[in-house]
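All chains should be modelled from the sequences, with the hints used to inform the complete structure.
Protein chains in written order, with the working numbering: chain A, 516 to 903; chain B, 183 to 656.
Worth flagging that the hints you see were computed from the coordinates, not collected in a lab.
For clarity, every value in this text was computed on a predicted model and none was experimentally measured.
Simulated restraints on C-beta separations: (1) B:G615 to A:P854: 53 to 63 Å; (2) A:E636 to B:H316: 34 to 44 Å; (3) A:L844 to B:K216: 44 to 54 Å; (4) B:P475 to A:K837: 49 to 59 Å.
Backbone N, C-alpha and C fix where the C-beta goes; we use that ideal spot for every residue, glycine too.
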Amino acid sequence: MSVVTLQLGQCGNQVAHQLFHVVCSDAQNAHKKTYRAESCERFFHQNTHGELVARAVLVDMEPKVINHSLSEAARSGRWRYGESSHFSQKQGSGNNWANGYCVHGPRHRDVVEELVRREVERCDRLAGLVAMMSVAGGTGSGVGAYVTQCLRDIYPTSFIINHLTWPYGTGEVIVQNYNSVLTLAHLYQLSDAILVHENDTVHRICSQLLNIKHISFSDVNRVIAHQLGSVLQPALTTDSHGVYSRNPLGIDWQVRPPGGSGRSMGLTGGSFNTSLANLLILRGKDVYSAETGGFEDPALYTSWLSSKEAFNSWKSPVPFNKYEKSATLVSNSQALLRPLDDMVGKAWNMFASRAYIHQYTKYGISEEDFLDSFTSLEQVLSSYRHLC
Amino acid sequence: MTQSVVVQVGQCGNQVGCRFWDLALREHAYVNKKGLYDEALSSFFRNVDSRKSAGGACGVGGRIQHLKARAVLVDMEEGVVNEILQGPLREVFDSTQLLTDVSGSGNNWAAGHMTYGSAYREQILDKLRKAAEHCDCLQCFFLIHSMGGGTGSGLGTRVLSLLEEEFPEVCRIVTSIYPSAEDDVITSPYNSVLAMRELTEHADCVLPVENQSLVDIVSKIQLMSHSAKPGSVIKRDSTVISGQGGISGPEKPFDAMNNIVANLLLNITSSARFEGSLNMDLNEIAMNLVPFPRLHYLVPSLTPLYTLADVSVPTRRLDQMFSDAFSKDHQLIRADPKHSLYLACALMVRGNVQVSDLRRNIERLRPSLPFVSWNQEGWKTGLCSVPPVGHSHSLLALANNTCVKPTFMELREHFTRLYRKKAHLHHYLHVEGMEQSFFSEAIASLSSLIEEYHHLDATKARLIPDAPRLSIAT
Numbered sequence: 516m517s518v519v520t521l522q523l524g525q526c527g528n529q530v531a532h533q534l535f536h537v538v539c540s541d542a543q544n545a546h547k548k549t550y551r552a553e554s555c556e557r558f559f560h561q562n563t564h565g566e567l568v569a570r571a572v573l574v575d576m577e578p579k580v581i582n583h584s585l586s587e588a589a590r591s592g593r594w595r596y597g598e599s600s601h602f603s604q605k606q607g608s609g610n611n612w613a614n615g616y617c618v619h620g621p622r623h624r625d626v627v628e629e630l631v632r633r634e635v636e637r638c639d640r641l642a643g644l645v646a647m648m649s650v651a652g653g654t655g656s657g658v659g660a661y662v663t664q665c666l667r668d669i670y671p672t673s674f675i676i677n678h679l680t681w682p683y684g685t686g687e688v689i690v691q692n693y694n695s696v697l698t699l700a701h702l703y704q705l706s707d708a709i710l711v712h713e714n715d716t717v718h719r720i721c722s723q724l725l726n727i728k729h730i731s732f733s734d735v736n737r738v739i740a741h742q743l744g745s746v747l748q749p750a751l752t753t754d755s756h757g758v759y760s761r762n763p764l765g766i767d768w769q770v771r772p773p774g775g776s777g778r779s780m781g782l783t784g785g786s787f788n789t790s791l792a793n794l795l796i797l798r799g800k801d802v803y804s805a806e807t808g809g810f811e812d813p814a815l816y817t818s819w820l821s822s823k824e825a826f827n828s829w830k831s832p833v834p835f836n837k838y839e840k841s842a843t844l845v846s847n848s849q850a851l852l853r854p855l856d857d858m859v860g861k862a863w864n865m866f867a868s869r870a871y872i873h874q875y876t877k878y879g880i881s882e883e884d885f886l887d888s889f890t891s892l893e894q895v896l897s898s899y900r901h902l903c
Numbered sequence: 183m184t185q186s187v188v189v190q191v192g193q194c195g196n197q198v199g200c201r202f203w204d205l206a207l208r209e210h211a212y213v214n215k216k217g218l219y220d221e222a223l224s225s226f227f228r229n230v231d232s233r234k235s236a237g238g239a240c241g242v243g244g245r246i247q248h249l250k251a252r253a254v255l256v257d258m259e260e261g262v263v264n265e266i267l268q269g270p271l272r273e274v275f276d277s278t279q280l281l282t283d284v285s286g287s288g289n290n291w292a293a294g295h296m297t298y299g300s301a302y303r304e305q306i307l308d309k310l311r312k313a314a315e316h317c318d319c320l321q322c323f324f325l326i327h328s329m330g331g332g333t334g335s336g337l338g339t340r341v342l343s344l345l346e347e348e349f350p351e352v353c354r355i356v357t358s359i360y361p362s363a364e365d366d367v368i369t370s371p372y373n374s375v376l377a378m379r380e381l382t383e384h385a386d387c388v389l390p391v392e393n394q395s396l397v398d399i400v401s402k403i404q405l406m407s408h409s410a411k412p413g414s415v416i417k418r419d420s421t422v423i424s425g426q427g428g429i430s431g432p433e434k435p436f437d438a439m440n441n442i443v444a445n446l447l448l449n450i451t452s453s454a455r456f457e458g459s460l461n462m463d464l465n466e467i468a469m470n471l472v473p474f475p476r477l478h479y480l481v482p483s484l485t486p487l488y489t490l491a492d493v494s495v496p497t498r499r500l501d502q503m504f505s506d507a508f509s510k511d512h513q514l515i516r517a518d519p520k521h522s523l524y525l526a527c528a529l530m531v532r533g534n535v536q537v538s539d540l541r542r543n544i545e546r547l548r549p550s551l552p553f554v555s556w557n558q559e560g561w562k563t564g565l566c567s568v569p570p571v572g573h574s575h576s577l578l579a580l581a582n583n584t585c586v587k588p589t590f591m592e593l594r595e596h597f598t599r600l601y602r603k604k605a606h607l608h609h610y611l612h613v614e615g616m617e618q619s620f621f622s623e624a625i626a627s628l629s630s631l632i633e634e635y636h637h638l639d640a641t642k643a644r645l646i647p648d649a650p651r652l653s654i655a656t
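Written out as structure tokens, the structure is:
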């Protein structure tokens with residue numbers, strides 16, 4: 516099953532590049548032929564010269580990052596990007612979500628849709644689309660939200676996953692909270708799943724776990740790519756019967772709370788964030804003898820889901836990215852409550868004074884649009900807060 | 183990549199502009215060793231091969247033939263522009279980029295704005311359009327002028343309106359030189375206030391620079407240069423006032439001060455011209471630093487002012503550079519941002535500086551800097567890997583800060599002292615198209631601007647509670 520990746524904006528392009536690098540090297544080092552074949556099929560197609568070409572569409576409103584990516588990949592000798600799989604303009608979105616969503620998105624819609632269509636048609640079996648972007652800037656966030664909407668219209672039954680990179684809390688862009696709120700509110704209606712990496716958290720991983728002294732964005736992106744790769748590479752479930760063809764995106768995230776109340780107001784005390792669903796992926800040595808019962812403890816989950824329904828586990832005996840044993844946990848839980856609440860809070864404070872709003876209204880995003888987005892996210896926060 | 187066009191108006195505007203082009207060539211020569219016409223060069227220069235047909239414009243990638251500045255030079259006297267055309271920079275401009283007259287504006291804003299503004303409207307538009315046509319993707323106009331005279335102030339602001347009318351999508355960044363208190367032009371308060379209104383209404387960003395601050399910085403450096411203390415000898419060509427290494431000859435009066443402003447422009451555009459790990463495009467400056475349309479006055483500060491020559495003395499620590507950027511001695515207007523209120527702040531770093539250095543210094547300095555309640559983390563940062571000539575790293579800070587209020591209030595006071603007595607008013611009212619209402623509207627505009635800063639200042643001492651969030655029915 517194949518995945519088509521859409522890389523949007525500077526961050527999206529840089530992180531996705533690292534992802535292809537990781538999965539390619541992991542696949543080529545794998546000792547199991549079936550794993551290698553499935554992984555290559557998932558992320559690459561072979562051109563007439565027998566080279567691995569990424570199933571990717573690169574989009575940015577300014578050319579520097581894409582140009583750098585294309586030449587880096589070609590230089591690696593192991594894989595490359597398609598020669599005409601990219602689209603860029605001369606002038607960026609200026610950190611302005613409205614500029615990305617209302618101006619650049621619609622203006623270049625046809626070209627981008629065509630590039631995606633070409634990649635999708637090249638797939639024998641499409642698992643789905645993964646869009647990679649940041650939420651703080653103008654292109655990844657604004658153009659990314661617009662493109663996701665277009666793709667949802669064209670491929671209504673395909674899985675669409677958005678991988679989002681959240682910015683450092685202390686900021687590198689002053690209007691990042693506005694851009695993030697607008698992006699999340701829009702994606703929430705469109706995406707099947709939103710996978711999140713926060714720069715602050717990844718930065719901590721680099722300094723505390725990996726002991727890197729002078730952390731650069733390359734270090735951060737490598738960690739993100741490693742984690743994402745470990746989710747998307749082939750794995751087996753109990754019903755796979757040894758065949759690595761499970762759809763990596765077909766995670767059943769659809770959870771409907773029971774109708775009617777009678778739920779008590781949540782006491783969110785207790786040391787765990789309540790989860791809706793957890794996916795544990797084990798790779799490498801001794802995967803089949805690993806004891807994972809702890810993940811099925813009902814205390815972890817919301818009361819209206821049994822842990823049998825809420826917990827899934829995938830395994831692969833093939834070691835990932837040179838780690839003898841590795842485990843990845845993808846969690847749909849209250850863990851994201853604090854960061855999301857902080858972000859919405861800061862954006863709301865700024866909005867209360869109407870600072871910077873004129874920069875957005877001049878491109879077509881009104882105060883009403885902002886209010887709608889805030890309302891949408893407050894509802895999400897409320898739903899998660901009341902899980903028990 | 184995008185291009186920018188510099189429009190220099192009046193004596194001061196052209197003298198500063200001249201220093202800018204000289205230092206820009208010096209900077210590119212330092213970086214561009216192969217003599218190729220690259221994207222960085224193309225942001226401010228065209229490459230022209232006079233042997234080719236159709237104007238001979240050459241695209242990016244070939245060898246440098248003849249560099250022409252993307253500039254329009256306007257002056258109502260011939261002296262300064264003629265000097266430029268006879269000097270070593272003459273090759274950089276061609277006659278179609280120039281507009282001069284002979285009699286000057288007599289330090290009269292109305293003469294510049296109304297009389298010359300109307301007479302030369304079409305010609306100015308024509309030259310601007312030509313400059314724009316030479317650009318693949320024009321992103322920004324840089325206007326350089328002084329506030330106190332007649333041409334730069336009056337005609338300069340007329341050009342600003344024309345830019346807004348004709349190229350509404352293109353960013354307008356204005357560098358305005360404000361007069362010192364002891365300015366020898368008696369009517370400079372009138373000219374400045376009349377111009378201020380235009381800046382408030384038609385510019386995207388204004389970088390105010392006060393002559394007195396430039397004088398102070400120059401004295402500081404010269405004091406340092408002449409001190410014989412070991413370990414304090416300044417490295418040649420490394421000061422922010424030095425024009426050494428450029429193609430112009432011996433320094434003229436005002437060159438030292440003008441070099442500071444030229445360096446400001448070089449640093450603000452560095453991230454758009456050269457690469458770095460965290461690029462900051464020109465359109466991101468307005469987006470991040472202008473929370474309300476009229477409050478677009480950004481106080482610049484440049485560090486370091488010089489590099490010490492003695493290599494055995496350790497390079498002034500990186501952290502010192504960040505601290506200096508917030509000290510009142512480094513601001514280009516006489517103001518103390520640390521004791522006023524920050525609305526937003528941009529740090530544009532050049533040279534060998536990492537993200538971790540940036541974060542560390544922001545965290546260190548942040549507690550002592552008062553930020554407005556709704557923008558507690560209001561930092562916009564950029565990292566450009568190419569340092570300026572003579573330094574290993576440098577920092578330009580742009581602060582949207584209420585510390586501009588005293589400067590504006592002083593201007594208002596000087597204006598009122600004259601206006602109350604109707605002193606010299608007749609010179610202005612005699613000009614065709616000029617009316618007294620211009621004066622009253624201009625001072626009203628300035629007062630209202632001061633009020634807005636005042637309101638923000640008032641929030642400084644108060645503890646503003648977080649705005650109550652939307653509540654969702656459960």
